[in-house]
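**Student:** If you want the building blocks of each chain, they are given just below.
There are 2 protein chains.
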Amino acid sequence: MSEKTLQYLTENREQLLNKLNTFLSIPSVSTDSIHKEDISKAAGFLETYLSDIGFDNVERQDTGGHPLVYAEYNQAGPDSPTVLFYGHYDVQPVDPIDQWKSDPFQPEFRDGRLYARGSSDDKGQVFMHLAVFEAFMKTDGKLPLNVKVCIEGEEEIGSENLYDILQKKKEQFAADFAVISDSGMVAENQPTLLYGLKGFTGIEINVTGPDNDLHSGMYGGAVRNPVIALTHILASMKNEDEVVTVDGFYDGVEPLTDHERELIKQVKGEDYHKSTGVPETVSEKGYSAKEHTMGRPTFEINGMYGGYQGEGTKTIIPSTATAKITCRLVPGQDPEHIQQLLEKHIKDVAPSGVTVNVKKEKLSAKAYKVEPDHPLIKKAAESYTKAFGKETVYVRMGGSIPVVEWIEDIYQMPIVLLGFGTPDDRLHSPNESFPLDSFDKGMETLVHYWNGINEK
Amino acid sequence: MSEKTLQYLTENREQLLNKLNTFLSIPSVSTDSIHKEDISKAAGFLETYLSDIGFDNVERQDTGGHPLVYAEYNQAGPDSPTVLFYGHYDVQPVDPIDQWKSDPFQPEFRDGRLYARGSSDDKGQVFMHLAVFEAFMKTDGKLPLNVKVCIEGEEEIGSENLYDILQKKKEQFAADFAVISDSGMVAENQPTLLYGLKGFTGIEINVTGPDNDLHSGMYGGAVRNPVIALTHILASMKNEDEVVTVDGFYDGVEPLTDHERELIKQVKGEDYHKSTGVPETVSEKGYSAKEHTMGRPTFEINGMYGGYQGEGTKTIIPSTATAKITCRLVPGQDPEHIQQLLEKHIKDVAPSGVTVNVKKEKLSAKAYKVEPDHPLIKKAAESYTKAFGKETVYVRMGGSIPVVEWIEDIYQMPIVLLGFGTPDDRLHSPNESFPLDSFDKGMETLVHYWNGINEK
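Same order as they appear, the protein sequences are chains H and A.
All residue numbers for the first sequence refer to UniProt numbering, where the first residue is 1 and numbers rise by one.
All residue numbers for the second sequence refer to UniProt numbering, where the first residue is 1 and numbers rise by one.
Isolated chain H (complex conformation) (with noise of 0.2 Å):
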């Protein structure tokens, strides 16, 4: 039933290629206001694209931020189930720029992968589904199934508008399930099907001392340094075992299982030695690395600075200093309540002679988990190991994705998490890039899956 279908993707791979090199070159950079003008040239290009295929009811939608492109296919009937098939089309800011080897928006073969920014988070992936409804509308005429598709603008920033708009709208996205490509395998040819997601909060400290910087001669013994006082809060919060030692932290964190203990050992993952480059691995006290990335919280400082960070030396004690804090949380944690923890730790270990603030973060998710068993996970995970040759792994993952929260949230439906990113895709980072590997077998996991999807 699929071949038909999977020769055209062969026979078209060329032109499908080029078309997704187009779509990588706008730089649809959300988080930027200068590039406002390319995010809306990346949501024409789908709305062109979904159009040509043979979608209904086109549409880009305002959504007060960036907008949220939309359509939908209801002629596989009434017995055929409806997927809303999320993903995104912004993508992460680029710096540090000069660490690229190619530029980001001007994307590159190497070595059997596709270099751009947002090759694989989520252009990329994006585009596989679509090309897929292509090839089956081009083959079949129709697609085995009733699609709505939605995608957003803003994922990289938090998709904070998109609650509002998936409640506001319930019955124009309403389908049986929710299929997201927005995710990676655990290494390279081996089919993940993932179960699980973090949550995420986030917050910003800042702590001023002087109203300037100050000479340190004149000044040093008289105040208390601002970048100092601000380690002395950071290393309160994290000790050398990676637990995090805010009070409260923990409570109500759903606790590993002995059975996913052994379903992470089957799970032969990503040798972190090699694709990191650190010295060695180092996860909480009483964790493997793979557990405590998959099941554990977590606590990261992405961001700290204050004072002078040119050439050379500058006697100055800093006026101010700032550290962005973002945790990944486990079923059980609550976004809000874990910001006010933290904001109480810091109030309560801040020291004398400086002010200290704490912003918190708007975007925050609760985590995600799906019982692997599931019918639709089952589908998915089969049509996986008939593309790639190998068993499916199940897998919970440290990101988050806070649509997949949301969506459960307002329909309680299954969302089947099937990503086809690698561990050296390098998102978020210089020199992005996905398999080729992946586009190709990716795209033949998705003809079986939505082929068998009526079967029973």
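These are computed hints drawn from the structure, not numbers from a lab.
Keep in mind that the hints are not guaranteed to be accurate.
Pairs count within a copy or across copies, as identical chains cannot be separated in the list.
What the hints assert, rightly or not - Dumping the calculated DSBU-like pairs for lysine-lysine here, alpha-carbon to alpha-carbon at most 30 Å:
id, residue 1, residue 2
1, K360, K285
2, K274, K359
3, K41, K378
4, K347, K285
5, K274, K347
6, K285, K344
7, K41, K169
8, K386, K36
9, K379, K138
10, K168, K390
11, K285, K41
Since we're looking at a predicted model, the values are computed, not measured.
Assemble the complex: chain H is given as a structure, and chain A must be docked to it using the hints.
**Tutor:** Leaving out everything else, chain A in the frame of chain H:
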């Protein structure tokens, strides 16, 4: 004896201020190679002025870095002492530029102060000395003593070539005593004789974990975050009692004597709350702010950075984190030894999973102290009091002037630190300024001092 010279200064005040403004408008920033031409221009200004005044052997000396301006006057005769006048024509960088109310290199008079980078540190004070020499030459036709002028262009970046020059040209620069005006009074209109300076040493710490920034969802729990590692290292080096907790740091430190604590008590000093805006002052346990700034060593982080500093959130584990540290030292502490102690401590406490590097800054200086009752010191105090109408206080300063240590080391001559700056001058910060009151009364002080120099 001083009347005519003082009158000259009063009558020519406007021209002198205009000339000073010309000097101040040259952006002679030593730390940034983009200002190489300006450095040369500033040296040229001094050469011209010194020649016009009537100095002999005015020359621009090549140092291997920024030029040194030299001049001499030997016509006071062998019965008059020779003073080595040292100053610097280079200035601090101006960042953050957006906090300046007027262009740092377009001098402006506001509320009795002259606003420009270098107006206090050190061009304003250097100019005052030359103006006084001009006044003597124009009125008496001679100077009351022999003078050797040494004005360099690298003080703000550590005077790294100066020591070698003073050593190699020992005879050329030899004198009976030295005078430097590159410091400040403890309060406006409070004559202050500086009898001690702190030493100085610095290091830079770099902590590196992964080769690149990592996605904090995929790798949080697998690797040590270098920023967090750095905060633990730094927090272990100074505690909340403002005591440096590096082994051996205080070994050999000359204690603050009761006599000195008495001298310090007499210094009304600065209202730190008012001048800095801090919620409260903080100093080493067992010492007041004045005692710590004047007579105890310090440990400051001048700059600290790692990871994302832009708008909003970026969910990364940074690849690397850096901190720049400088310590002000007191008599008994050796700069290189302190660097070794800091490095040893850092290596001892460095957590696993990251690579820690310590770079030792080249520029350093030992602390300096002279006896407060030396005749040349006492004459200076009397001249001050004559001009300012107030008893002179004796203080040790928290800052360092490396050249003082070197002059002591090479020549063992008394060094008179006769500064006219004030606490509100905002050295090393935006909106640096210098009171016109200091300009006028400072020059008067110098006239009295030089005229009294030959008396026993």
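**Student:** For each hint, tell me whether it holds in the structure or not.
**Tutor:** We went through each hint and held it up to the structure:
no.	hint	result
1	K360 to K285	within (28 Å within a copy, 34 Å between copies)
2	K274 to K359	between (36 Å within a copy, 27 Å between copies)
3	K41 to K378	neither (37 Å within a copy, 77 Å between copies)
4	K347 to K285	both (27 Å within a copy, 22 Å between copies)
5	K274 to K347	between (40 Å within a copy, 25 Å between copies)
6	K285 to K344	both (25 Å within a copy, 27 Å between copies)
7	K41 to K169	within (24 Å within a copy, 69 Å between copies)
8	K386 to K36	neither (41 Å within a copy, 68 Å between copies)
9	K379 to K138	within (24 Å within a copy, 100 Å between copies)
10	K168 to K390	neither (42 Å within a copy, 77 Å between copies)
11	K285 to K41	neither (48 Å within a copy, 62 Å between copies)
Of the numbered hints stated above, those contradicted by the structure are hints 3, 8, 10, 11, listed in ascending order.
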